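Trainee: Spelled out from the first residue to the last, the chains are:
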Amino acid sequence: EAAVTQSPRSKVAVTGGKVTLSCHQTNNHDYMYWYRQDTGHGLRLIHYSYVADSTEKGDIPDGYKASRPSQENFSLILELASLSQTAVYFCASSDRYEQYFGPGTRLTVL
Amino acid sequence: GDSVTQTEGLVTLTKGLPVMLNCTYQTTYSPFLFWYVQHLNEAPKLLLKSSTDNKRTEHQGFYATLHKSSSSFHLQKSSVQLSDSALYFCALIVMSNYNVLYFGSGTKLTVEP
Numbered sequence: 166e167a168a169v170t171q172s173p174r175s176k177v178a179v180t181g182g183k184v185t186l187s188c189h190q191t192n193n194h195d196y197m198y199w200y201r202q203d204t205g206h207g208l209r210l211i212h213y214s215y216v217a218d219s220t221e222k223g224d225i226p227d228g229y230k231a232s233r234p235s236q237e238n239f240s241l242i243l244e245l246a247s248l249s250q251t252a253v254y255f256c257a258s259s260d261r262y263e264q265y266f267g268p269g270t271r272l273t274v275l
Numbered sequence: 846g847d848s849v850t851q852t853e854g855l856v857t858l859t860k861g862l863p864v865m866l867n868c869t870y871q872t873t874y875s876p877f878l879f880w881y882v883q884h885l886n887e888a889p890k891l892l893l894k895s896s897t898d899n900k901r902t903e904h905q906g907f908y909a910t911l912h913k914s915s916s917s918f919h920l921q922k923s924s925v926q927l928s929d930s931a932l933y934f935c936a937l938i939v940m941s942n943y944n945v946l947y948f949g950s951g952t953k954l955t956v957e958p
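These protein sequences, in sequence, are chains A and B. Quick note, the first sequence lines up with residues 166 to 275 if you use my numbering. Quick note, the second sequence lines up with residues 846 to 958 if you use my numbering.
Just to be clear, a hint being listed does not mean it is correct.
Looking from chain A toward chain B, a few residues come up when the C-beta cut is under 8 Å (computed) [as the list claims (entries may be wrong)]:
hint	residue
1	L210
2	Y213
3	S219
4	E221
5	P226
6	Y229
7	R261
8	Q264
9	G269
Hint data in this document are derived by calculation from the structure and do not stem from the laboratory. Treat the numbers as computed from the prediction; the structure is a model and nothing was measured. No residue lacks a Cβ here, since even glycine has one placed at the ideal position from N, Cα and C.
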């Protein structure tokens, strides 16, 4: 079965601090994605990547950077965390048709 | 542009009743539609998918039919259970754009005893 893991599973960060969320997939998928979900709401695309060493902006990229050093790994970086970035972050990998989601990281910025 | 619309934000039903969650989409490309289900504090999981016009697809008691003529992919179940309480997302994939999924805003289904 497809496997996408995320670390950490939860994190408390201070405003203005740097936060790195990591995602690892063992699916051998080319496509990877980072989404943000606010409580009770839908998923919004932050960044995505279709090949190592390349990333693309999604719908809400402001305040976020992404890094894809290898096919298996995709990181989301908040250089200066803000209160408004408190949310659950999901990573996903994709074959041609279906996206497989990781368990999510709950980020709280204080 | 490409988009998905879910009109019901919140649906509350009594166990055993039927349910239909609405999903319409807009795209200039050949549509490939999905329904994802997300239980509380879990990741979204694929429930159904289809790219075939007028063919019913089923899984775990849920079913949906892609109708290209009306740009719809409504999710149905004949008898909801307590365990069906969850967030349901309709999504459209645009394979010409790096397989990006366009999600609807989601429908929260609550099933009461």
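Trainee: With reference to the structure, classify each hint as holding or not holding.
Mentor: Here is how each hint holds up against the structure:
1. L210: holds, 7 Å
2. Y213: This hint holds: Y213 (chain A) lies near chain B, its Cβ roughly 6 Å from the closest one there, short of 8 Å.
3. S219: violated, 10 Å
4. E221: The hint holds - E221 (chain A) has a Cβ within 8 Å of chain B, the shortest such distance being about 7 Å.
5. P226: Constraint on P226 (chain A) not satisfied, violated at 13 Å.
6. Y229: Hint on Y229 (chain A): violated, closest Cβ of chain B at ~16 Å, above 8 Å.
7. R261: holds, 7 Å
8. Q264: holds, 6 Å
9. G269: holds, 6 Å
In this structure, the earlier hints numbered 3, 5 and 6 are contradicted, and the remaining ones agree with it.
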